[in-house]
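Asks: This is what each chain is made of:
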Amino acid sequence: MKKLATRILSLAVALGVGLGFSAVQKDAAAGWEPKKPVEFVIMAGKGGGADRLARFIQGIIEKNNLSSKPFVPINKGGGSGAEALRYLKDHAGDPHVIMATLNSYYTTPLRNPGLGVDIAEFTPITRLAEDTFQLWVHTDTGITTVDEFVAAVKAAGPENWKMGGTGKGQEDSLVTAMLEKKFDIKVTYVPYKGGGTVAKELIGKHINSTVNNPSEQAGFWEAGKSRPLASFTPKGKLTGRFGDIPTFEELGYGTDMVYYMQRSVIAPAGIDKDVQAFYVGVFEKVYKSDEWQEYLDKKGLIPGWLTGTALTEYFVAEREAHRQMLKAAGEID
Amino acid sequence: MEVLALLINGFAITFEPLNLALVIAGVVVGLFIGAMPGLGSVNGVAILLPMTFLVPPTSAVIFLAAIYYGAMYGGAISSIMLGIPGASTAVATTFDGRPLALKGLADKALVAAAAASFVGGTISVVLFTLFALPLADVALAFGPPETFALMVLAFATFVGLGGDDIPKTLFSILIGLVLSTVGLDIISGQPRLIFGDLTGFYHGINFLVLAIGIYGIGEMLWTIEVSQGEVLMSKATVSFRGILNNLKGLKSSIKTMIMGSFLGYFVGILPAAGATPGSLMAYGVAKTMSKNPETYGKGNIDGVVAPEAANNAASTGSMLPMLTLGIPGSPTTAILLGGMVIWGLEPGPLVFTDHPDFVWGLIASLYVANVFALLINIGFIPAFIWVLKMPFTILAPIIFVLCVVGGYVPTQDMHDVWLMLIFGVVGYLMRKLDYPMAPAVLAIVLGPLAEPAMRQSLIGSHGDVMTFFERPISGTIMAIAFLLFVLPLLKAAKGRLSRRRAEGSP
Chain A
1 MKKLATRILS
11 LAVALGVGLG
21 FSAVQKDAAA
31 GWEPKKPVEF
41 VIMAGKGGGA
51 DRLARFIQGI
61 IEKNNLSSKP
71 FVPINKGGGS
81 GAEALRYLKD
91 HAGDPHVIMA
101 TLNSYYTTPL
111 RNPGLGVDIA
121 EFTPITRLAE
131 DTFQLWVHTD
141 TGITTVDEFV
151 AAVKAAGPEN
161 WKMGGTGKGQ
171 EDSLVTAMLE
181 KKFDIKVTYV
191 PYKGGGTVAK
201 ELIGKHINST
211 VNNPSEQAGF
221 WEAGKSRPLA
231 SFTPKGKLTG
241 RFGDIPTFEE
251 LGYGTDMVYY
261 MQRSVIAPAG
271 IDKDVQAFYV
281 GVFEKVYKSD
291 EWQEYLDKKG
301 LIPGWLTGTA
311 LTEYFVAERE
321 AHRQMLKAAG
331 EID
Chain B
1 MEVLALLING
11 FAITFEPLNL
21 ALVIAGVVVG
31 LFIGAMPGLG
41 SVNGVAILLP
51 MTFLVPPTSA
61 VIFLAAIYYG
71 AMYGGAISSI
81 MLGIPGASTA
91 VATTFDGRPL
101 ALKGLADKAL
111 VAAAAASFVG
121 GTISVVLFTL
131 FALPLADVAL
141 AFGPPETFAL
151 MVLAFATFVG
161 LGGDDIPKTL
171 FSILIGLVLS
181 TVGLDIISGQ
191 PRLIFGDLTG
201 FYHGINFLVL
211 AIGIYGIGEM
221 LWTIEVSQGE
231 VLMSKATVSF
241 RGILNNLKGL
251 KSSIKTMIMG
261 SFLGYFVGIL
271 PAAGATPGSL
281 MAYGVAKTMS
291 KNPETYGKGN
301 IDGVVAPEAA
311 NNAASTGSML
321 PMLTLGIPGS
331 PTTAILLGGM
341 VIWGLEPGPL
351 VFTDHPDFVW
361 GLIASLYVAN
371 VFALLINIGF
381 IPAFIWVLKM
391 PFTILAPIIF
401 VLCVVGGYVP
411 TQDMHDVWLM
421 LIFGVVGYLM
431 RKLDYPMAPA
441 VLAIVLGPLA
451 EPAMRQSLIG
461 SHGDVMTFFE
471 RPISGTIMAI
481 AFLLFVLPLL
491 KAAKGRLSRR
501 RAEGSP
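Just so you know, the protein sequences line up as chains A and B, in that order.
Residue numbers for the first sequence, in my numbering: 1 to 333.
Residue numbers for the second sequence, in my numbering: 1 to 506.
None of these hints come from the bench; they were simulated from the model.
No false leads were mixed into what you were given.
Example chain B residues on the side facing chain A (calculated, C-beta under 10 Å, incomplete):
{"no.": "1", "residue": "Ala-46"}
{"no.": "2", "residue": "Leu-140"}
{"no.": "3", "residue": "Gly-143"}
{"no.": "4", "residue": "Phe-201"}
{"no.": "5", "residue": "Gly-204"}
{"no.": "6", "residue": "Pro-321"}
{"no.": "7", "residue": "Gly-339"}
{"no.": "8", "residue": "Glu-346"}
{"no.": "9", "residue": "Pro-452"}
Between beta-carbon pairs, the in silico distance windows are:
{"no.": "10", "chain 1": "B", "residue 1": "Gly-463", "chain 2": "A", "residue 2": "Asp-244", "range": "40 to 48 Å"}
{"no.": "11", "chain 1": "B", "residue 1": "Phe-11", "chain 2": "A", "residue 2": "Thr-141", "range": "36 to 44 Å"}
{"no.": "12", "chain 1": "B", "residue 1": "Thr-181", "chain 2": "A", "residue 2": "Gly-270", "range": "33 to 41 Å"}
Covered by chain A, according to a simulated footprint, are these stretches of chain B (three or more residues, beta-carbon under 8 Å):
{"no.": "13", "region": "180-189"}
{"no.": "14", "region": "348-358"}
{"no.": "15", "region": "453-461"}
Glycine residues also receive a C-beta, built at the ideal position from the N, C-alpha and C atoms.
With the hints as extra help, turn the sequences into a complete structure.
Replies: Shown next, in the form of structure tokens:
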């Protein structure tokens, strides 16, 4: 019982100290502070990669007392994030709303011009990381190289080679289109709800290959059930345990087989400079925290701090790249 | 015997004072979160997740799992007492729980729900303990065709029901299916049925909105009509002797409990299914297997027992794919999964060998949580009954407020509140016209699972429907579904034949 008592006591002390600290912080920072809980909009449903990441960030903010008011995650995943984008547009000037983005940040407005959303208008906060993609097969296929993969797809024929991925027009389907074009192959693309399900379908042998993120396949890879063939990154960008996976460039397929998923945070249009500075400050502390650095390493994410106009420029350039990709895939005119 | 040693070690972890305190706290919190309409275990776990950084991962998961568990018990409370499903997993409990309460048998229904939850929980944890790893392979074997076959089976249990009018049941299912297609279609990437450009429809129609509308608002309108302005008071009474007698009276329901537990557990381990479809399917199967299917929906105690056993069993089951495959079996385990990542644990095939303390601590805590949830729940029953004794003129506005809150909370969008009110009025009218509402609710839950599964299968087989019948697992399930569909028809035909014979021989 003594142990319990001490733990409860330490918990109470931790809480008290935490509250005290946030009070001190308030005085220290002369700039803007949130007056009520901050809505942390997530462009995807509960449980997906984007959702987990946002809740992880919320956890870091909470654990380290980075904000006097809590960040409350709200999922608005409807219509591949269309719902979230519209929400941000309708909340122009609202300092208590921010949003975690993924690549549907580019593709959804491109595919739904009726939404009337121009992402260049939103206020950039920061890019925290870039996620990467690999080409994965089940180890039982015996395929160990990209060449063998291409040969196997050709031998099976487009009817019989099933590539699993996320919804049509989303990242996985764009990466698959890149593969098809590069190697002059055709696959049957089967869309699933999320990357986790796709990973599991590969292990259950319901599909033949995937273009999962490293974190989605990591568990199965360690258990010897799946095998990455190549990484859609430039040479040397991916480090840690995923760094040993060869890139398409290293394998001699040119430098164009590269695709990233950005993990960024943005705010609505028309918010004050000191509000923007507050959020940049909070996320800078998140970015520098041990938890975040460890997470990056574990999940095979590439660190990618970027903020201010440079971030907006990055968004605009990426949107243009996605416009071309969607055109090539026949998704838009 | 290795399992036993691991389990005992798990119990040692669970009985550490901190963990035991967290189990009890979690169960109580979960009970109330589950009982609040709209605030299901998903919200509860999501809200409390950040608090768990203060304790070690094993304690954290024990706390959150206890909330999940408590919510499964708690969901039944408002379903029975107020006719508003407290959580999505308790929708099926409303079907018979509410009529029982109206008959003045709320205490009986509450005791049955608690007992069934306990049995479901315990059977599933035993199954989990003994067969966790082999069953993980079963989850893997379920691809799109198998998932679709399972959904067909679920529908078959609802169509092929005796008692009900089959065309009206079909109509109800079809309405539910149409509503379930609203929102973004992942296969084509296009939004569907968004009524021009109403952003509120982008996230689809949350089925809790439908269920709270139909059962909460619809029920209220119905009661207002029936009472004709009279002040109604429920005549429910409760005593501990009564509770004991009610427990004894459940003997005849043991078979249903066991069926519900096994079914719930197996549906729970299938990724993406979870406790809500599990409980609805258990209700359908219980009704199909029953000798008096016509009493379902009018206050059959088995109609409470089956879904309550199943939803607890499924909540245990859905932890299996979460731990071994890193795929959440339900929305709540999706949040738990997020938690595991934050605590620095990598879910996947190796979690059982890499983190035995975590896994077995969790499993053992489920046994303990079950016992506490049962005791706490039964202890609270007199308090719940007291609420029921309020005059309806006071209760009705409370129900209305709870419904509005319940409609708003899941998506935090006023759009859904309006939608819920519309469903309430439509539900009331459909009820006046004697349309069964349960099948519509089933369809809107299963539709979003069945449709992509069917289309994924057909994309994979290039349009060949035989893919559902050629594969051993999906073929078998399809055959059972077909039998379930035909059986009541045969029964009905036989009944008619014998009646004619009886009339023929005076």
